[in-house]
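*Asks:* Residues per chain, in single letters:
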Amino acid sequence: MNFIPVVYGVLNILLVLGLAPLYITVVKKVKARVQGRRGPRIIQGYLNLAKLFKKEVIYSEYASFISRLAPYASLSILLVAALMVPLVWVPDLEPVTGNIIVFLYLLVAGRLLLALLGLDAASSFGGMGSSREMSLSAIIEPVTVLVFAALAFVMGSLSIPEMFRHAALESPSWSPTILLLCISLFILIIVETGRIPVDNPETHLELTMVHEGMLLDTSGRNLALFELSHGVKQVLLMALLINILVPAGLMFEFSVPALIIGCILFLLKGTVLSIGIGLFESSFAKMRFFQIPNLFMIAFFFSILTIFIEVMI
Amino acid sequence: MSEIFLFILLLYALAGIVPLCIRKKRIWEISSLIMGVGGLLLVVSCLFAALHNYSIPVLKISISALYPVTLGIDRLSAVYSVLLGILTVAVSMYTPGYLDRMHGDRRKYLVSSLIPLFLVSMLLVIFSQTLIAFLIFWEIMAILSFFLVLTEYEEARTRYAAIFYLAMTQLSTVFIFFGIILLRLITGSFAYPDKVSGSDVLIPVSFFCLFIGIAIKSGVIPFHKWLTHAHPAAPSPVSALMSGMMISTALYALVRVLTRFYETDISWGYVMLVFGCLTAVLGVMYALKEQDLKGLLAYSSIDNTGVVLIGLSLWVIFASYGQLDIATMALVGAIFHSVSHGIFKGLLFLTAGSVCQAAHTRNIDELGGILVRMPSTGLLFFIGILSISAIPPFSGFIGELLIYQALIGGLMSLDPYAQVVMIIALALFGLTGALTVTTFVKAFGLTFLALPRSSGAENARETPFFMVAGPAVLAGMSIVLGVCAYHILGIFGYPGLMPDLSTVAVLLLITTCLVYGAVYAGASQKTKISRTWDCGMHAPGSMNEYTGSGFTEPVVRFFSPVFRTKITVSKQYHDSFQCLFRTGEAGIYLMKFFEECLYLPVARGIDRYAGYVSGLQNGSVDRYVLYVFLMVIALIIVLGWSS
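Protein chains in written order, with the UniProt record's numbering: chain A, 1 to 313; chain B, 1 to 643.
Calculated from the structure, these hints are not laboratory results.
Wrong hints could be hidden among the right ones.
[What the hints assert, rightly or not] Derived DSSO-like pairs (lysine-lysine); straight-line CA-CA distance at most 27 angstroms:
{"no.": "1", "chain 1": "B", "residue 1": "LYS571", "chain 2": "A", "residue 2": "LYS55"}
{"no.": "2", "chain 1": "B", "residue 1": "LYS592", "chain 2": "A", "residue 2": "LYS51"}
{"no.": "3", "chain 1": "A", "residue 1": "LYS55", "chain 2": "B", "residue 2": "LYS528"}
{"no.": "4", "chain 1": "B", "residue 1": "LYS528", "chain 2": "A", "residue 2": "LYS54"}
Just so it is clear, the structure is predicted and the values come from calculations on it, not from any experiment.
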């Protein structure tokens, strides 16, 4: 029995879970600072989760098993997805396949559950949220597929750990194609995690809500689980971008000092990226819902351009 | 070994004849039992044949030496026969309960006898080893399914659907017939040809005749329109078979034609790819818009046909580039997807049938809240939508994964022009996947969740045990096929085409347990059932909910160039200056593009032509004598000329 995959899996999941609330708070903090407010404390994300876990859950009287199942399933699907994206340690033996299409469809599975949850409690807000979420997903999905295909094309493999390995070994990883890809990936992060030009996770206004609309009827530990899985999703997508753009600090052979250095480096890189996301969010206004496809077209265009550049060179 | 297949054929035929001869009450239960046993035997024996890669001649009869009818089984037909067997078992468990709740006694006998006969005709199509046998059984299959569609003939919509279906299916037979005649001319025999090649212009013509014939049967756009009329109109077990098995039979024929009959040409692949992408994307877009639950499933069958077609076309393209690894991946993906589509679409149609029967409506906007009332059916439908939405590790994901891998693999290894094509195909394929998820969130969410929106849905009750057990077999199969896909492909001799999803399944189970355990240990377990968010209204009713049309409105808006709307205004005035408005009507309709721009003009043209022709035959004897006279003169002239 080889324990390396198990150790890797546990480490990776713990790291992802630990970082998830932090990055969300960092983004909030940056936005508050830009608006001239002080913003929440850095540990506020953890405190919020702890508070939610202590509260009681209220189910709608019309709710079915979907409302009871979705919070747990949603988090565990994302944790399985987390096994596919190594944060700091790329082991030789993956505990689970790192295939990027499986990763993509695990994200889809999470989204499907969330959309059903929105419909479950028979409120019109939930319906609105899931309708919008599914509409957005219908147009972002071809883009995501192309971005991932371009990624696979540039890195020469469908497996995410293999991509990271390739990125780390290629000494100047700043080729134009990689930069273009990273723009597309950045837009993906913005859209997938419901950030500002697309969606505003902070408000419960009818005009802006997509993600929050679906969660309006959840409470207590269920809400905490959803918040956590939202954070996990954000960390995973960020890790995808970070480890391809700046793979420095990635560890291929296990050693404790390298692990610690890797963790600290990832923490820093992630914080920088979160600050970037916060600044990006602050400099945009919420887009009108039906204008959002324009944003996606940028990502679409860049990923096709990437493939063309790679083909022609 | 061949005796057992004869025995199975006999069992099916017996199941078909029993209800016709013995008019006892509930005789259809006995018939279904015989059919179920036949199905079970078929699954076992065909699995055996498929695993050991046997080629068994089943039966050889010749009507005359010129028209040999030979039946046989090889690995490809064995795989599709297994699908047929599984569907037989499920349908035979489901049908008696469904028939009990149907009205009209004579109809029940007929349906219960036609279903096994329909099944056996499809089995014979799959078993056929000569072109003439294929044609005969293909036609029998078409006629039997026409009668099955016509079951509820009192409704005008059903009659319209059946006639539409008859016209289309006969058109399909005409094309198949031409294709077969041309193949006979090329090869000189009715035996299945082996890798016909050459520069003869008849070869591509015969291929495209066969392709169009098969395309009509499997619902490739623009020949798809009959599906969405016929599948909702037929009784649910029949729609499950038509959508699950008949489409697969047609696709089986396409696989057979492509892999065996011809030395394929790359241009065929591109033509098929265009058809495939068009079918997949438009099929799912129409499905998204559909409010009729069974109509939605029918449109989604069209979409899945498109997916399979994309896989097959990739096989043709990559094979002509010499990329045999990727080509195999695409072919295996296409076959896997068509088989798993048969299973999960059967599941969805059967459970949707239960819902429609219990709630007395097929309109999604009038359903809702069914999950609480019919929990087992709802759970099975849920498994069905997970499978069809390609959620790993359910069976629908495997085919799509293989095709994705083939597309991305093609991106890496072809020449630039082909790469551009692959990029477009990839984007369209991704779009199809996303829209499928949206469609089935709508189908499940609005049918099963929230509050009922009509009294029928309010009073829906769970169906009897066997009507749940039948679909449950299919749900189980779709999980097993998905989780064990890696091992199944390994057994069939294609190891390593795809990542092993059984670990994903196990890990999903483990993490769910861990998450649940951790939350159970660490978090508050207080739970209250109350009203969550009622927007300040005192009694939120089902009127506040989202409806199906509301749910899909944003997507329709995003893709407004595809969903063409038509605005009609008709006004009447009191005076001739059009000043005093009297009455009028206005409406906004979603245009049925293919029906209005393709089918109806053709139908009108034929109608007009038929009008002229029928004028010739007016029943007066002297007119006919004139025709004979003119004919004789014409013959004299022509014969005199030639001699």
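*Asks:* With the threshold set at 27 angstroms, check whether the alpha-carbon distance from LYS571/B to LYS55/A stays at or below it.
*Replies:* Answer violated: LYS571/B to LYS55/A is near 62 angstroms, above 27 angstroms.
*Asks:* Between the alpha carbons of LYS592/B and LYS51/A, is the straight-line distance 27 angstroms or under?
*Replies:* It is violated: about 54 angstroms lies between the C-alpha atoms, which goes past 27 angstroms.
*Asks:* Straight-line Cα separation of LYS528/B and LYS54/A no greater than 27 angstroms?
*Replies:* This hinted pair holds, its Cα atoms lying about 14 angstroms apart.
*Asks:* Would the pair LYS55/A and LYS528/B pass a check requiring their Cα atoms to be no farther apart than 27 angstroms?
*Replies:* holds, 11 angstroms
Consistency with the previously given hints fails for numbers 1 and 2, ordered from lowest to highest.
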